[in-house]
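Produce the complete structure using the sequences and hints provided.
Taken in order, the sequence shown gives residues 0 to 348; the numbers are from numbering that gives the first Met the number 0.
Ranges of calculated distance between the beta carbons of each label pair, as one might list FRET restraints:
(1) LEU132 / ASP84: 28 to 38 angstroms
(2) ALA223 / ASP55: 46 to 56 angstroms
(3) ALA290 / ARG244: 44 to 54 angstroms
(4) ALA93 / PRO291: 16 to 26 angstroms
(5) SER307 / ARG172: 41 to 51 angstroms
(6) PRO47 / GLY112: 20 to 30 angstroms
Just so you know, these hints were derived from the structure itself, not from any lab.
Idealized CB from N, CA, C, for every residue including glycine.
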Amino acid sequence: MTDASTIPERAVADRLGRPLRDLRLSVTDRCNLRCTYCMPEADYEWLPRAELLDFDELTSLVDAFTAVGVEKVRITGGEPLLRRDLPELIARIAALPAIDDLALTTNGTLLAGAASALRAAGLGRVTISLDTLDPARHHALTGRDNHADVLAGIEATAAAGFTGTKINTVVLRGTNDDELADLVRFGAEHGAEVRFIEYMDVGGATRWDRSLVVPAVEVLDRLADGLGQIADATSRPSAPARRYRTADGTTFGIVASTTTPFCGSCDRSRVTADGRWYRCLYAVEGTDLRAPIRAGASPGELRDLLASVWSDRTDQGAVDRLALAEARTATPVEVTRRDPHREMHTRGG
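Printed below as a string of C-alpha cells:
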C-alpha cells in the first residue's frame, strides 16, 4: 500500500490507495528489431496510421494526466525514434509545468543521430535496451546486424550531456545469463546503471517459456560470484527495480515482475499510440481516449474521465499471474493477431 503522505495533492488514488503519477506514453507500435522475447513472429498487425494521435492530441492528453497527478512521463514504443519529428513532441511535453521527469526508452539503434536534438528539446533521461555485449548474440536475439549502432547510441547519450542513463537487459537462461557481471561493468564504464529484467509472459511474448526465466535471486547470486559482495542500495518505493551496490560503489537494479511482483506500489499506466489507456501492463481491456479527444472533449472532461477510471482501479496483473503458478503460459499468437493492443510493442514498456 502506498504511503498517503507521499501522494501529491492533485493525485487521484485507486481503490488500493495507489496514486497515478507515472505515465508511459507510446508514440508508435512499429519497431525496427524483432527481439525473440518481445516480437518473435514473422509478421504483425499494425495500428492504422490515421488512428495514431498527433502531437497536439498527445500533448493535450499528457496535460490532462498531469491534472490528476502525473509527474513522470516516459516516451515508449515500439521504437519511439521511428516517430517522425519526435523532438518536437518532447519539447511540447517538457514545457508542461507539472512534468518533473521526462524520459525515453529506446533500443538505441537510431539514438546516435538523435541524442543531441532530444537533449536540446528538453528530454531528461534515456533508457537503452542492451541484452548482450556480443554482436553475434545481438543478431540472434534481434534478427538484425546493428549491435554497433546500439553502442554508438550509448556513447552519444553521454556526449549529449544526459545523466541518469539506464541500460535495460532482459535476462534469458542459456542466452545471455553468462554476461551479467560484464554488463554491470560496461554500464559503469559508460555512466549508465544496468537494469536486469526477468523474462515476462506479457502479450508479445508469444513463445514465453518459464524455463528461460532467471529469477532475481539467481541473478544476484551470479553477480555476487562475478563482482563480489553486494548490498542493498536506495530504491524509490514505487520504482519497478530494486537497486543494489557493489563494493566499489557500482549500482545496478533488478526488475523481478515475474517472480516478485510490485503491484502493491504500482503508480504507472500506459497509453498506446492510438489513445488506448491501460491501467496495468497485463490488462485485457483498455479505455479509449482517442474518441473523446477527437469529439472535442474539454480539458475538464478529460480530467474527470481519467480520475473516474483510475479511482476504480484494482489491477494487480503481475500478482494475479503469479497466482496461476504452473498454469502460466505464453499468449497464443492468434490472440495477439485478433487484438494488436495485446502486443507489448503496441502497449509500451
